[in-house]
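Q: Those protein sequences? They're chains A and B, same order as listed. The numbering of the first sequence is numbering that gives the first Met the number 0, which starts it at 0 and goes up by one. The numbering of the second sequence is numbering that gives the first Met the number 0, which starts it at 0 and goes up by one.
In short, the hints are calculated from the structure, not lab data. Keep in mind it's a predicted model, so treat the numbers as computed, not measured. Virtual Cβ for every residue (Gly too), placed ideally from N, Cα, C. There could be a bad hint or two in this list.
[As the list claims (entries may be wrong)] Simulated restraints on C-beta separations:
| id | chain 1 | residue 1 | chain 2 | residue 2 | range |
| --- | --- | --- | --- | --- | --- |
| 1 | B | Ser331 | A | Asp166 | 28 to 38 Å |
| 2 | A | Pro197 | B | Tyr362 | 22 to 32 Å |
| 3 | B | Pro271 | A | Leu198 | 23 to 33 Å |
| 4 | B | Leu228 | A | Gly43 | 46 to 56 Å |
| 5 | B | Val295 | A | Asp112 | 51 to 61 Å |
| 6 | B | Trp16 | A | Asp192 | 49 to 59 Å |
| 7 | A | Pro170 | B | Pro194 | 26 to 36 Å |
| 8 | A | Ile233 | B | Trp16 | 23 to 33 Å |
| 9 | B | Arg242 | A | Ser202 | 47 to 57 Å |
| 10 | B | Val253 | A | Ile230 | 20 to 30 Å |
| 11 | A | Ile233 | B | Leu140 | 19 to 29 Å |
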Amino acid sequence: MSTQPKSMLIDITRCVGCGACTEACLQAHNLSTNVDDIKELSAGALTYVSEHGDLYVRKLCMHCLEPTCTSVCPVAALKKTPEGPVVYEASRCIGCRYCMQACPFDVPRYEWDKVVPGVAKCDFCATRQAQGLMPACAEACPEAATVFGTREELLAEAHRRLEADPDSYYPHVFGEHEVGGTSMLFLSPVSFDQLAFPLPLPSEALGKRTWASLSHVPDVVTIGGAMLLAIWWITRRRAEVARVEGPGASNGDHTGGGHA
Amino acid sequence: MNGIKKPRFGFWSAVFWILVGFGVATGIMRFTRGLGSVTNLSDTFPWGLWIGFDILCGVGLAAGGFTITAVVYLFHLERFRPIVRPAILTAFLGYLLVVVGLLFDLGRPWNIWHPLIMWNPHSVMFEIAWCVTLYTTVLALEFSGMVFEKLGWTRAVNIQHAVTIPLVILGVILSTLHQSSLGALYLIVPGKLHPLWYTERLPVIFWLSAVCAGLAMVIVESRLSARALGRHLEVPIIRTLGRALMGVLGVLAVFRLRDLAARGVMGLAFHPSYEAALFQVEFLLGIVLPFVILLVPRMRRSPKGLYVASLFTVLGFIANRLNVSITGLEASQRHYIPAVGEVLVTAMLVALGFGAFKLAAKYLPVYPPLPNVAPPGTVTQLRSK
Numbered sequence: 000m001s002t003q004p005k006s007m008l009i010d011i012t013r014c015v016g017c018g019a020c021t022e023a024c025l026q027a028h029n030l031s032t033n034v035d036d037i038k039e040l041s042a043g044a045l046t047y048v049s050e051h052g053d054l055y056v057r058k059l060c061m062h063c064l065e066p067t068c069t070s071v072c073p074v075a076a077l078k079k080t081p082e083g084p085v086v087y088e089a090s091r092c093i094g095c096r097y098c099m100q101a102c103p104f105d106v107p108r109y110e111w112d113k114v115v116p117g118v119a120k121c122d123f124c125a126t127r128q129a130q131g132l133m134p135a136c137a138e139a140c141p142e143a144a145t146v147f148g149t150r151e152e153l154l155a156e157a158h159r160r161l162e163a164d165p166d167s168y169y170p171h172v173f174g175e176h177e178v179g180g181t182s183m184l185f186l187s188p189v190s191f192d193q194l195a196f197p198l199p200l201p202s203e204a205l206g207k208r209t210w211a212s213l214s215h216v217p218d219v220v221t222i223g224g225a226m227l228l229a230i231w232w233i234t235r236r237r238a239e240v241a242r243v244e245g246p247g248a249s250n251g252d253h254t255g256g257g258h259a
Numbered sequence: 000m001n002g003i004k005k006p007r008f009g010f011w012s013a014v015f016w017i018l019v020g021f022g023v024a025t026g027i028m029r030f031t032r033g034l035g036s037v038t039n040l041s042d043t044f045p046w047g048l049w050i051g052f053d054i055l056c057g058v059g060l061a062a063g064g065f066t067i068t069a070v071v072y073l074f075h076l077e078r079f080r081p082i083v084r085p086a087i088l089t090a091f092l093g094y095l096l097v098v099v100g101l102l103f104d105l106g107r108p109w110n111i112w113h114p115l116i117m118w119n120p121h122s123v124m125f126e127i128a129w130c131v132t133l134y135t136t137v138l139a140l141e142f143s144g145m146v147f148e149k150l151g152w153t154r155a156v157n158i159q160h161a162v163t164i165p166l167v168i169l170g171v172i173l174s175t176l177h178q179s180s181l182g183a184l185y186l187i188v189p190g191k192l193h194p195l196w197y198t199e200r201l202p203v204i205f206w207l208s209a210v211c212a213g214l215a216m217v218i219v220e221s222r223l224s225a226r227a228l229g230r231h232l233e234v235p236i237i238r239t240l241g242r243a244l245m246g247v248l249g250v251l252a253v254f255r256l257r258d259l260a261a262r263g264v265m266g267l268a269f270h271p272s273y274e275a276a277l278f279q280v281e282f283l284l285g286i287v288l289p290f291v292i293l294l295v296p297r298m299r300r301s302p303k304g305l306y307v308a309s310l311f312t313v314l315g316f317i318a319n320r321l322n323v324s325i326t327g328l329e330a331s332q333r334h335y336i337p338a339v340g341e342v343l344v345t346a347m348l349v350a351l352g353f354g355a356f357k358l359a360a361k362y363l364p365v366y367p368p369l370p371n372v373a374p375p376g377t378v379t380q381l382r383s384k
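If we strip away everything but chain A, and leave its shape as in the complex, we get (with noise of 0.2 Å):
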């Protein structure tokens, strides 16, 4: 086994629609949401096919290399493991959403009408993949369309498909820079904004924009406290002097000439 980090390499022209993928992943978190209702990713719906015309995208966390949400998240209950899963510690979370309102690609949810609320999310199968197995998804894929392996062999793989049939593919591996890169990387037919991906995304991280703010605080403390310390220091010996020098001084009174 190689600690290298793990990606998928979703590919759409491949994707007949079948949805083993969502049912796999139903059973590998014991969640009990009936296949046909599933129309969005929900508390109990992890990922899920939608539908395009005749092209199928599967929805499912990315999994980013420098993700949004662990960098918002102000209790570190979001993490990016080093194997490549983005997991959730329920324990630590406040409930905050953050994450869901930062997140790119609106992935986390919400239990909403739970009592002792989490975030719900695809976990790459971080329990299974820690078992030697391939996320349950991965493996029930009857087309490959999802497959499963470390992300520089999908990377190398992703672009060996777009050289080999340049016709059959929109020439882009979506996830390979987008917010700093991801785990989860797609090939597509048709250009990814007709697929309704979140674009334009920036090559970034964008946990780089808070962090330009942020970097910022030790300044405020520093060069802050002490230019108010300056000030206080100053005023104070301004109204010392002006007691000293008697009440007419602080009036102005003296430009009269009447100094006492």
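Following the hints, position chain B against chain A.
A: Then chain B, alone, in the frame of chain A:
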């Protein structure tokens, strides 16, 4: 006079108890059946009125606390001293209500203390959690002076006096950090937030507008408490505050226009769109109009003119925060209108704020002793004691 006043008091306390009753009932629903039972929040709109108003507006409107304490204790502008305690009281109550609002909004409110021991320094929310915790503590300590004085605990009063300057400095730093960071929260959603509001300058805009809102709130509140408590307005102080407000509003207006121009999205403000309409409300009614009112010397000098300008500033500030947190995200997420339950909880928090302020003003030495109603010349003498 007393005969007329009594029924008025009865009316407002009836309103108070009705709002609290509905709020508590909604709270019971929320904590026994989950957030979904009383809110219109959903997977595609996870932050609603409670974040947009109770948190973002609550914190911003309490900014008078750090501005006025800085003016009095750090800049030694002694003539503002009569309003320093009301400003501290408002800020302290404001932050307490923000915390109560958070307890409603957080999915697992019993874990609210987790950021103190489970760190993620890369999270803006983590920084805000720390700042709000520390600043609420600072405000409690600043507020404690009034309680100690009331109880006649001379030693405690002296200790509190001795630590005032460090507390005020800490308060200004913490406020600057988290007031701006509330804007930085939204730096993470470049693809979702409408370009009229998404800008890397959000932190600065949030800080500047919070200063405006804080000053305006002090003016609004001194008029309201003057009417409710039968006190005279500190007119000369309020006039000076009005001039300061005019200055900061001007800076804010120029800063925001320059930001729109620099990003090349000025035209969007004139498109016939839902977003542009609400942007105009926020900008024209909430920044330009109060600025123009204050520009007129006659208005700037009259308590009523100052009050109206400040009221527009406060409403414009609220519009801005709701635009950033709700309007600007609707196109990319989905249309959101708060549920009745969300409105009821928010109304309860506002009612609690008014009620607590009234109680504190009645039983604590919030305002200087009454002779202060004398003309400004005598005020200085009073304070020297």
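Q: State for each hint whether it applies.
A: Do the hints match the structure? See the list:
1. B:Ser331 <-> A:Asp166: 28 to 38 Å: holds, 34 Å
2. A:Pro197 <-> B:Tyr362: 22 to 32 Å: violated, 55 Å
3. B:Pro271 <-> A:Leu198: 23 to 33 Å: 26 Å Cβ-Cβ, so the 23 to 33 Å window holds.
4. B:Leu228 <-> A:Gly43: 46 to 56 Å: holds, 55 Å
5. B:Val295 <-> A:Asp112: 51 to 61 Å: Roughly 54 Å apart at Cβ, these two residues keep to the hinted range, so it holds.
6. B:Trp16 <-> A:Asp192: 49 to 59 Å: With Cβ atoms ~55 Å apart, the hint holds.
7. A:Pro170 <-> B:Pro194: 26 to 36 Å: holds, 29 Å
8. A:Ile233 <-> B:Trp16: 23 to 33 Å: violated, 51 Å
9. B:Arg242 <-> A:Ser202: 47 to 57 Å: holds, 48 Å
10. B:Val253 <-> A:Ile230: 20 to 30 Å: holds, 24 Å
11. A:Ile233 <-> B:Leu140: 19 to 29 Å: About 25 Å separates the Cβ atoms of Ile233 (chain A) and Leu140 (chain B), which means 19 to 29 Å holds.
Hint compliance for this structure: hints 2, 8 are broken, all remaining hints hold.
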